[in-house]
Amino acid sequence: MNDYGHDLLFGSFVTPVAQPAQHGVDLALVSEQAGLDLVTFQDHPYQPSFHDTSTLLTYVASRTQKIAVSGNVTSLPLRPPLGLARAAATVDRLSGGRFRLGIGAGAFWDGIARMGGRKLTPAQGVAALREAIGIIRDAWDPDQQGPLNHEGPFYRIEDGDRTPYAHRPIPIWVGSYKPRMLALTGAVADGWLPSIEYIDGGLPGLADANHRIDDAAHEAGREPAAVRRLMNFMRASLVPTGQGFLDGPPEVWIDRLTMLALEHGISTFLIGGDDPTTLTRFGTEIAPAVRENVAHARR
Amino acid sequence: MEIGVLLNADSAEADELVALAQVAEDNGIGIAVVTGNRHADAWVVATWITGVTDRIRVSVPPRDEPFDPAGADSAVPAVLAKAVATLAALAPERTLPPGARWTVVDADADADAGSVRDAAGAGIPVVPVHTAGDVTRLRPLVAAPEPEAPAGRPHRSALALAQRMPGIAYDAVPAGLAARAVEPGDPEHRAVASTYLRGGNPGLVLRPRTVAEVADAIAFARDHRDIPFGVRSAGHGISGRSTSRGGLVISVGAMDSLEVLDRSRRLVRIGPGRTWKRVAQSLVSHGWALGSGDYGGVGVGGLATAGGIGLLSRKHGLTIDRLRAVELVLADGTPVRASDTENPDVFWAVRGAGANFGIATAFEFETSVVGQVGWAQLTLVSTDIEESLYRYGQIASEAPTDTTVFLVTGRARQGQWVVSLFAVVDHPDPDTVIARLTPFLDLGQLARQQVVMTAYPGVMANAVDIGPDGQQGFGEPVSRSAFIPELTRQFAHEAAELLSSDLVYFFELRAMGGAITEVPSDAMAFSHRSPLFQATAMSSSDDLLSAEWDRLRPHFDGLYLSFETDRRPERLLDAFPGPVLERLRRLKAEYDPTNLFRDNFTIPPAELPVSTMAGGEQTFETEKAA
Ligand SMILES: Cc1cc2nc3c(=O)[nH]c(=O)nc-3n(C[C@H](O)[C@H](O)[C@H](O)COP(=O)(O)OP(=O)(O)OC[C@H]3O[C@@H](n4cnc5c(N)ncnc54)[C@H](O)[C@@H]3O)c2cc1C
Numbered sequence: 008m009n010d011y012g013h014d015l016l017f018g019s020f021v022t023p024v025a026q027p028a029q030h031g032v033d034l035a036l037v038s039e040q041a042g043l044d045l046v047t048f049q050d051h052p053y054q055p056s057f058h059d060t061s062t063l064l065t066y067v068a069s070r071t072q073k074i075a076v077s078g079n080v081t082s083l084p085l086r087p088p089l090g091l092a093r094a095a096a097t098v099d100r101l102s103g104g105r106f107r108l109g110i111g112a113g114a115f116w117d118g119i120a121r122m123g124g125r126k127l128t129p130a131q132g133v134a135a136l137r138e139a140i141g142i143i144r145d146a147w148d149p150d151q152q153g154p155l156n157h158e159g160p161f162y163r164i165e166d167g168d169r170t171p172y173a174h175r176p177i178p179i180w181v182g183s184y185k186p187r188m189l190a191l192t193g194a195v196a197d198g199w200l201p202s203i204e205y206i207d208g209g210l211p212g213l214a215d216a217n218h219r220i221d222d223a224a225h226e227a228g229r230e231p232a233a234v235r236r237l238m239n240f241m242r243a244s245l246v247p248t249g250q251g252f253l254d255g256p257p258e259v260w261i262d263r264l265t266m267l268a269l270e271h272g273i274s275t276f277l278i279g280g281d282d283p284t285t286l287t288r289f290g291t292e293i294a295p296a297v298r299e300n301v302a303h304a305r306r
Numbered sequence: 009m010e011i012g013v014l015l016n017a018d019s020a021e022a023d024e025l026v027a028l029a030q031v032a033e034d035n036g037i038g039i040a041v042v043t044g045n046r047h048a049d050a051w052v053v054a055t056w057i058t059g060v061t062d063r064i065r066v067s068v069p070p071r072d073e074p075f076d077p078a079g080a081d082s083a084v085p086a087v088l089a090k091a092v093a094t095l096a097a098l099a100p101e102r103t104l105p106p107g108a109r110w111t112v113v114d115a116d117a118d119a120d121a122g123s124v125r126d127a128a129g130a131g132i133p134v135v136p137v138h139t140a141g142d143v144t145r146l147r148p149l150v151a152a153p154e155p156e157a158p159a160g161r162p163h164r165s166a167l168a169l170a171q172r173m174p175g176i177a178y179d180a181v182p183a184g185l186a187a188r189a190v191e192p193g194d195p196e197h198r199a200v201a202s203t204y205l206r207g208g209n210p211g212l213v214l215r216p217r218t219v220a221e222v223a224d225a226i227a228f229a230r231d232h233r234d235i236p237f238g239v240r241s242a243g244h245g246i247s248g249r250s251t252s253r254g255g256l257v258i259s260v261g262a263m264d265s266l267e268v269l270d271r272s273r274r275l276v277r278i279g280p281g282r283t284w285k286r287v288a289q290s291l292v293s294h295g296w297a298l299g300s301g302d303y304g305g306v307g308v309g310g311l312a313t314a315g316g317i318g319l320l321s322r323k324h325g326l327t328i329d330r331l332r333a334v335e336l337v338l339a340d341g342t343p344v345r346a347s348d349t350e351n352p353d354v355f356w357a358v359r360g361a362g363a364n365f366g367i368a369t370a371f372e373f374e375t376s377v378v379g380q381v382g383w384a385q386l387t388l389v390s391t392d393i394e395e396s397l398y399r400y401g402q403i404a405s406e407a408p409t410d411t412t413v414f415l416v417t418g419r420a421r422q423g424q425w426v427v428s429l430f431a432v433v434d435h436p437d438p439d440t441v442i443a444r445l446t447p448f449l450d451l452g453q454l455a456r457q458q459v460v461m462t463a464y465p466g467v468m469a470n471a472v473d474i475g476p477d478g479q480q481g482f483g484e485p486v487s488r489s490a491f492i493p494e495l496t497r498q499f500a501h502e503a504a505e506l507l508s509s510d511l512v513y514f515f516e517l518r519a520m521g522g523a524i525t526e527v528p529s530d531a532m533a534f535s536h537r538s539p540l541f542q543a544t545a546m547s548s549s550d551d552l553l554s555a556e557w558d559r560l561r562p563h564f565d566g567l568y569l570s571f572e573t574d575r576r577p578e579r580l581l582d583a584f585p586g587p588v589l590e591r592l593r594r595l596k597a598e599y600d601p602t603n604l605f606r607d608n609f610t611i612p613p614a615e616l617p618v619s620t621m622a623g624g625e626q627t628f629e630t631e632k633a634a
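Residue numbers (our numbering), protein chains in the order written: chain H, 8 to 306; chain X, 9 to 634.
No lab work stands behind these hints, which were simulated from the structure alone.
Watch out, some of these pointers could steer you wrong.
A few chain X residues that face chain H, going by a derived Cβ cut-off under 10 Å, partial list only [what the hints assert, rightly or not]:
id	residue
1	T55
2	G59
3	A78
4	F430
Backbone N, C-alpha and C define an ideal beta-carbon position, used for all residues, glycine too.
For reference, chain H alone in the conformation it holds in the complex (with noise of 0.2 Å):
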């Protein structure tokens, strides 16, 4: 049992595909209109296939009221961070606090060495990450003042412009699988956004990386609440295909969720699929049903 108490959010994960080229805000506004609590895009710069992530975002924020938008997750190499933390926090005010910051440090490491971005080791990338999350940090935090100067193994700032947070801190979420990265998650962020599909060993590998994250919080001097766990299922669907996680109708998708936000802590549940009917009926029926059996079993 590991319930961290995080209140639910329920939200889609869509393919930023250019072609047809309001495939990602029309399935925006189907998240919305089935009251979904947020909509994801992956980021992956350099697929041609795809539309960029960021300007993506911007414009679905743009065109909808209520829902909030996130990259999932966003590819730090190739957006260094005193931008991505500007852009963050002017899509944030522009849209009355609806912004989610998700980072990775990167995958596909040829794919961003052809788009031009640096190519790091795995254990580099690490560290680059929690560098450019403290920068993105200070670069929102309101009460500093004057000019940001940075000095780091993998970046420098002289001179730079903070940008200030208008609504409130923006959460910082994390993709992360390995023990390094989880460690980070734990110590750093504000959240961990990892794909079940991609996590090893199934439930017991996931009960594994949480109490990663969990020690690498402690370690750190925060509770392992600070932390919300997150979950993005790329094969979820209503009828049985025998794939993924999410497979076969509500009611079993119903029990699932609901197993794993009290016995594994995830709060999060966003799914992929791109199929309209699939998130409307995620947010119109499985999402209430999931947060009533689990406020039922919290009280």
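Position chain X with the ligand relative to chain H; hints supplied.
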């Protein structure tokens, strides 16, 4: 008049800037340029504006610093470019076209339209605003009318005019050409900017329909020596740079007629813009054909000025071997007719180096009698490409001349090469066709075969028709060509090595010989009569391909210019052996002394006696190339 506001994120917060853009739109202002980043991200603000307004176009000045991965505020140029493309796709017509120029103008309260326009020069005036009052103050300017187009010229919006490029006297386009001229801001520009294999963004495309208009267009080109200049017929150039960035293109694509001049002599007259697919379709009812290349989309103008090594060549010769007369407009605007008896020097030069001498406006050919032919497309899989190439070389060169077979392959996949054979057997008897093709079937494992008896249009039908969107090539093709006197074991070995690297994605061998060899090598500027094959290799890396191709040179004897993109000066001698080049240079000095026609294997004019020299420029170029 068209006017923009400048919103500065250095001095205001994002929400204030968005509110100003909304006021601007409400006051009829068409453009919001967002700059700065001290308080907000300009790109986010611009994107947001498109989401919450209906009409106003946005722009963010490009950042042109190089990317520094350690610079926490640096940006990856390719990511920025992608952001621009994404917004253009999400919000069509809501971003300022990338080529549109604007000028910051500080318009004070009583500024009048004329002075604002003068201050903005060739750009759209963009006025810094900080308050809603600053915006509403611009209302009289917005209401001011745009200047009229010069008499007889099409009207263009201020936005279109702002996309005009430097160095081009747009208002001096001769009146007859103006109506059909395409400028960067015109809706049609996208359809004419690029060619089949090359991305482009020309500053002006002139589209003459008559010889007189071609002469006018050439005069315009003479007055624009400082920008690139390309000649286009059907836009399938590889060596021929028939598009450019910022240059002038004269496209004779509309001159695409075909008429039969003399039935008994099978003489036809064809405009340069016609594609070989359409030529084939027009000739078939007479029982005639004109050998062209292997692709129906190629144009008459580019191919019939260079050679034309095609699937009927072993039987009927090169395309230029069937040419009886050509009409072209020279650099000084003079129309000339050239044949064996009229301007024979020009006739000699056009057949192989035509792009250097003028713009061809009509070709007269003696067609061949061609009925049903065997047309085969065979796909084979080879695990030993050296052996496949070598055997192909043997079989294709020993085949009877009614049989012409081209071989195409590329990169290996898991140790296997897909080898495609394109074969025409000019023989009406299906059994003979099968007999001719059978030796080729075991060059590899036969994966797919399609053999039909058809007329020549069936062979040319492979090309898709170009629709109103035009051609959308991008980047620059990287291609190498060589004539192979004989396909030796050693060549096959080294070519196989080349094909075992990832470098070459397209490799073609075109079988020659037969009727091609029957023409004396000094009969025309195309002089490569004896090689048995023409080889083409295409890659995405110019440098790497050069290095590899150079290693194969001992096997080569010259090159076919149409498939060569290397611009190193030595290539000129490969295309035109010494004496041919000498003659071409003398003729160039006579007919195009200033080297106006320079988009395709430029031949430096020979140095003229001082008395007849037209200027200093060509002397310099001659020395450089010599
Ligand atoms: C897919 C493909 C297959 C091909 N197959 C063959 C083949 O089998 N055999 C073969 O011989 N060639 C072949 N070619 C090469 C082709 O012949 C040349 O690229 C030719 O120049 C294309 O002519 P175009 O009019 O379509 O091209 P354009 O791009 O319009 O013109 C190319 C160049 O030709 C010159 N030119 C064009 N029009 C004129 C004119 N009216 N007067 C004077 N000069 C002019 C200019 O230098 C111009 O830059 C092929 C090309 C492609 C793309």
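Verification of the hints:
{"no.": "1", "hint": "T55", "verdict": "holds, 4 Å"}
{"no.": "2", "hint": "G59", "verdict": "holds, 3 Å"}
{"no.": "3", "hint": "A78", "verdict": "holds, 5 Å"}
{"no.": "4", "hint": "F430", "verdict": "violated, 30 Å"}
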